[in-house]
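Visitor: Below, each chain spelled out in residue letters.
Protein chains: 2
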Amino acid sequence: MRQSEMLVPTLREAPAEADAAGHRWLLRSGMIRQLAAGIYSYLPLGRRILLNVERIVREEMDRAGCQEVLLPIMQPAELWEESGRYTQYGPELMRLKDRHAREFALGPTHEEVVTALARDEVNSYRKLPFTLYQIGTKFRDERRPRFGLLRGREFIMKDAYSFASDWEELDRTYQAMNTAYSRILERCGLEYIRVEADAGTIGGQGETHEFMALADVGEDTIVTCKHCGYAANLEKAGYETSGSSVNNSGQAEVSAVPTTADKADGNAEGDTLVRIQTPGVRTINELSAFVGEDAQNMIKTLLYQADGQLVAALVRGDHEVNDIALKQVLGAEELILADETALAGHPKLTVGFLGPIGLDLPIVVDADVAVMEHAITGANEVDVHYSNVRPGKDFALDNVGRIRFAAEGDGCPTCGESLVFTKGIEVGHIFKLGTKYSDAMGASFLDRNGRQCAPVMGCYGIGVSRLMAAIAEQYAGEEGIRWPATVAPYHVHLIPMSWKDEQQRELTLQLEQQLIDAGYSVLVDDRDERPGVKFKDSELIGLPVQVVIGRGAAEGQVEFGSHVLAAQGESKRISMTAQEAVIQVKEQFTVRN
Amino acid sequence: MRQSEMLVPTLREAPAEADAAGHRWLLRSGMIRQLAAGIYSYLPLGRRILLNVERIVREEMDRAGCQEVLLPIMQPAELWEESGRYTQYGPELMRLKDRHAREFALGPTHEEVVTALARDEVNSYRKLPFTLYQIGTKFRDERRPRFGLLRGREFIMKDAYSFASDWEELDRTYQAMNTAYSRILERCGLEYIRVEADAGTIGGQGETHEFMALADVGEDTIVTCKHCGYAANLEKAGYETSGSSVNNSGQAEVSAVPTTADKADGNAEGDTLVRIQTPGVRTINELSAFVGEDAQNMIKTLLYQADGQLVAALVRGDHEVNDIALKQVLGAEELILADETALAGHPKLTVGFLGPIGLDLPIVVDADVAVMEHAITGANEVDVHYSNVRPGKDFALDNVGRIRFAAEGDGCPTCGESLVFTKGIEVGHIFKLGTKYSDAMGASFLDRNGRQCAPVMGCYGIGVSRLMAAIAEQYAGEEGIRWPATVAPYHVHLIPMSWKDEQQRELTLQLEQQLIDAGYSVLVDDRDERPGVKFKDSELIGLPVQVVIGRGAAEGQVEFGSHVLAAQGESKRISMTAQEAVIQVKEQFTVRN
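So the sequence lines, in the order shown, correspond to chains A and B. For the first sequence, counting from 1, position 360 maps to 360 in full-length UniProt numbering; every step adds exactly one. For the second sequence, counting from 1, position 340 maps to 340 in full-length UniProt numbering; every step adds exactly one.
Pulled out of the complex, with its shape left as it was, chain A reads as follows (with noise of 0.2 Å):
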């Protein structure tokens, strides 16, 4: 390809939207552009790049057994209606009406259309196991769209839908999958966990599994055990899998982490509550300092309305409660912080003081507070806290769950030592639903023994246009991106320093032949411009080998770099001869033809 005929609108700065390196040099090497917030056009160098993700995920799906199908993605409401999700998805969910006012909603995931697909197709279960995925445009209206492709609102994903007999059948889906998605990120180069993980919004009702690139850009929190290799992300952290650790009545297990709170201290309180003074003092913070003690002795007092009910969560004031796990303690549908009109029945309530002590709400309280034996909280009465709390004894423990989130330095569930959090990119999620679509759908299917069940599925995201921003994102150097082989919009760069001198020329062309021949893709930079102008675009680009045709092109020498090069520490490019440069070029990868 010659790049005079490619649109790459390099940058010398990148625009004032860039938030994250990997975005900053997609936009600056002219790879994409923002057509609105979260929205992107792709370039010709970035549209290469999101092919080849698209094809090592195609690749490794057709592997795995997978068969590729195209489902719309305007959506009828009716269907998001019958799985309960065309309210629960909420502002999210895009929606539109057509030209006869009828609803759609455009798919940021397929469950309802593959499970209805399956209830009229899918009679027997000799029809069954079978998986089926596709690789296309989602749209989720994110409330903050960031860092450009990785939190956009239009994006690129291949999700996969498969539906089994039984539990056993699925798990071996399952096991296929998580194979296929190991073997997606190593081809793209990526440095990643797999981390056990929360069914959030599309819900289940088995395991499920994160894929987190490790970025310090990434937005969630990966809890690990550098010990014994356990990995969850945060929302699980603590909590045993496939949601067994809180039981039905709502009775977790009390965590076995021992409380730093100090519970030796016999000072002069003794059990006696002691009333203070703290006027104006609203915030943990505030109260630790006008106090002068460690937020881990307070409890912090949270109001939440669960289905409609107020409800008091108590959790340790250096930690912060996790509404998964809360939702949960309570068996709650819906979980949401009380606001202000949930509040204004309430008038005794004081915001900034509120404590268990004489609180009439029900009241959840963390496995952690329950152990405190001389807590501070509030008083439930403006500018007063109480001290030498003791809960059990104060207040009820009626209620006590594991309802916060993991901090580190906690106890490993599995192991003991001690967590340590890491930022990850969820780039893929692999998730059992078990019945949860079929039952609410009505899809069904004969068994050997003509008995009617519903199939058990299980459903697989990976994010195409996500994977290529978080390839960015650990592959940004310097001067660019340094595009890994497997998904670089060229393999080499050819850049005669002067397209009109002949002998550059013929060189260039020599080369570009030889290289294409042996199944590389290539990339000439036949431009009019100063050698400068040149080099610099060429870091931008990043592709995985840089070969400089200059004035030594009459006795057939060339300058070679590469990102292998540089990882060796060669920061400089190595005089060769052209013919050395092809040999390092396949030294250095090779590709299927």
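Treat each hint with caution, since some may be false.
Identical copies go unnamed one by one, so any copy, or any two together, can satisfy a pair.
Claimed, not checked - Listed next, the in silico SDA-like pairs over lysine to any residue satisfying Cα-Cα at most 25 Å (straight line): (1) Lys97 - Arg183; (2) Lys500 - Arg151; (3) Lys586 - Leu51; (4) Lys393 - Val351; (5) Lys327 - Phe395; (6) Lys226 - Ser288; (7) Lys327 - Ala342; (8) Lys348 - Ile284; (9) Lys586 - Gln88; (10) Lys423 - Arg187; (11) Lys97 - Ala407; (12) Lys348 - Glu529; (13) Lys500 - Thr486; (14) Lys536 - Leu128; (15) Lys97 - Ala37; (16) Lys393 - Thr224; (17) Lys536 - Glu570; (18) Lys97 - Leu302; (19) Lys572 - Glu82; (20) Lys226 - Thr278; (21) Lys97 - Ser83; (22) Lys536 - Gln557; (23) Lys586 - Ser571; (24) Lys423 - Ser575; (25) Lys423 - Glu191; (26) Lys97 - Arg143.
Derived from the structure by calculation, the hints contain no laboratory data.
Given chain A, put chain B in place with the hints provided.
Guide: Chain B only, in chain A's frame:
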């Protein structure tokens, strides 16, 4: 691929929605399913066909030097307002609002997005020319979606946009695209005609051609001349190319076609108008029956609103008004048939008995009416017509033009021989847009001399899903679609009569491996079904070659059938050895590895 693992829900009967032969077979062979009116899911076999068509399109675009991009589906309404199309496109444009109530269009086409891109990124002649293309999902809210994939509301299209410094550069790209489109249609195995066309909603200042796949179900009428090869769509037929036949004054050259009206009839009435009582006779057909004369002797008067003003258009009784031609003659922006509201202000107009004599409206007269001598027309009085009407004498010929559609038997505008009508499916369309969009949206570049110029654009669309549907129409047979090898979901169907029979299974697997090694794709019917079911499904699926492995397996004998043999009149399968079968496949078509 094992058929037992694949979702191929064949049907014994076509669903009621199926309104075209190819569409019926696509449904019956389990390749597509309707999700909502004009919105389809592609099941595994259908998806493979679509991917094959996509591959052909992509290869030809790349060969023509185009660069692939991916532009957003969601497009800010502001862009469409800049081009003026947000209103103009009408209800066919799907619209939605995001969570911030910002308006978006779902792209039916991408002129706005791509012109905005060029406006931002291309500022010098040195970056021109270039052509961008994409393959993706488009939306058009058709009033009446039908014929399955032929006229859908969500469909797959390849659209391309070229930017040039001047018209000459555009000409070269236009020719390259013309060649690419011809190659695509040939590789898809389609019988097609390239016709002169009208620019329609996209608008444009220059040449435009459509590529029509011939099919009875086609919604377009193609006008051709067997003698000289002239071909145009009906809207365009008889008008010279590039809109030059109608000059700015609205005066078109008078058609050279001789009128077939009776010119020499010196009957009793002579030149005097005759009033005829015609009680309740309102249509041309009724009038023709009533007076016993051909429709070609009558003048039909139609009322239009041209930019809000009421005008009358006169054509012969056997002709139809061509709205686009009338619009051009009037120089009108908007033209619609006058509705009741428009007529409410003109109580004297007696619909059903309209005629030019004494009509107090601007009148446009078709050239064929202008040369009539003894015509019959309405008298603008209920239940009365005039006969013996002579245009020019009985009413003025102030505005004469060619405002009717061509009719079969008309003289060819190039050679004068008789025109013939056929039906076609518009699968491709290439336009010279000129500077319509660059002007409207303020895209410009500096030319060699530092002058600011508007890039001269072209746009080029080919319906990818529509190509699939057109192939289905042309290759629909008695038992299914006989897919051409270039797009067939698999090349060879291996049909063991009994998968449980070890010899049959062994031979099948051997054949499969040999064919795969030779670069062919293979579908193996390993299902536990009766041979009759397998044969029926095999015909529905319609792969180019079927090899039946039955009792002869023990002796290495198989039965070989193929589209090629069928086309040679050989309807039965031929017995041969498995090795001969492999050789036959290789002789019938080659594939690229």
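Visitor: Compare the structure with each hint and give your call.
Guide: Hints, one by one, checked against the model:
1. Lys97 - Arg183: neither (41 Å within a copy, 39 Å between copies)
2. Lys500 - Arg151: neither (44 Å within a copy, 51 Å between copies)
3. Lys586 - Leu51: within (23 Å within a copy, 31 Å between copies)
4. Lys393 - Val351: Intra 23 Å, inter 94 Å, cutoff 25 Å: intra-copy only.
5. Lys327 - Phe395: within (22 Å within a copy, 84 Å between copies)
6. Lys226 - Ser288: neither (32 Å within a copy, 94 Å between copies)
7. Lys327 - Ala342: Within one copy, since 18 Å is at most 25 Å while 62 Å is not.
8. Lys348 - Ile284: within (21 Å within a copy, 85 Å between copies)
9. Lys586 - Gln88: For Lys586 and Gln88, neither the intra-copy (53 Å) nor the inter-copy (56 Å) Cα distance is at most 25 Å.
10. Lys423 - Arg187: Answer is within: at 21 Å inside a copy they meet the 25 Å cutoff, but 50 Å across does not.
11. Lys97 - Ala407: For Lys97 and Ala407, the Cα distance exceeds 25 Å both inside one copy (46 Å) and across copies (40 Å).
12. Lys348 - Glu529: neither (74 Å within a copy, 74 Å between copies)
13. Lys500 - Thr486: Neither: 32 Å inside a chain and 42 Å across chains, both beyond 25 Å.
14. Lys536 - Leu128: between (55 Å within a copy, 22 Å between copies)
15. Lys97 - Ala37: both (22 Å within a copy, 13 Å between copies)
16. Lys393 - Thr224: neither (36 Å within a copy, 96 Å between copies)
17. Lys536 - Glu570: Classified as within; 18 Å inside a copy, 65 Å across copies.
18. Lys97 - Leu302: neither (40 Å within a copy, 35 Å between copies)
19. Lys572 - Glu82: neither (62 Å within a copy, 49 Å between copies)
20. Lys226 - Thr278: Result: close neither inside a copy nor across copies, 42 Å intra and 99 Å inter.
21. Lys97 - Ser83: Both ways: Lys97 and Ser83 sit 20 Å apart in one copy and 24 Å across, limit 25 Å.
22. Lys536 - Gln557: Cα proximity of Lys536 and Gln557: one copy only (22 Å, versus 65 Å across).
23. Lys586 - Ser571: Answer is within; shortest intra-copy Cα gap is 20 Å, inter-copy 52 Å.
24. Lys423 - Ser575: So Lys423 and Ser575 fail the 25 Å test inside a copy (41 Å) and across (65 Å) alike.
25. Lys423 - Glu191: within (12 Å within a copy, 57 Å between copies)
26. Lys97 - Arg143: both (21 Å within a copy, 14 Å between copies)
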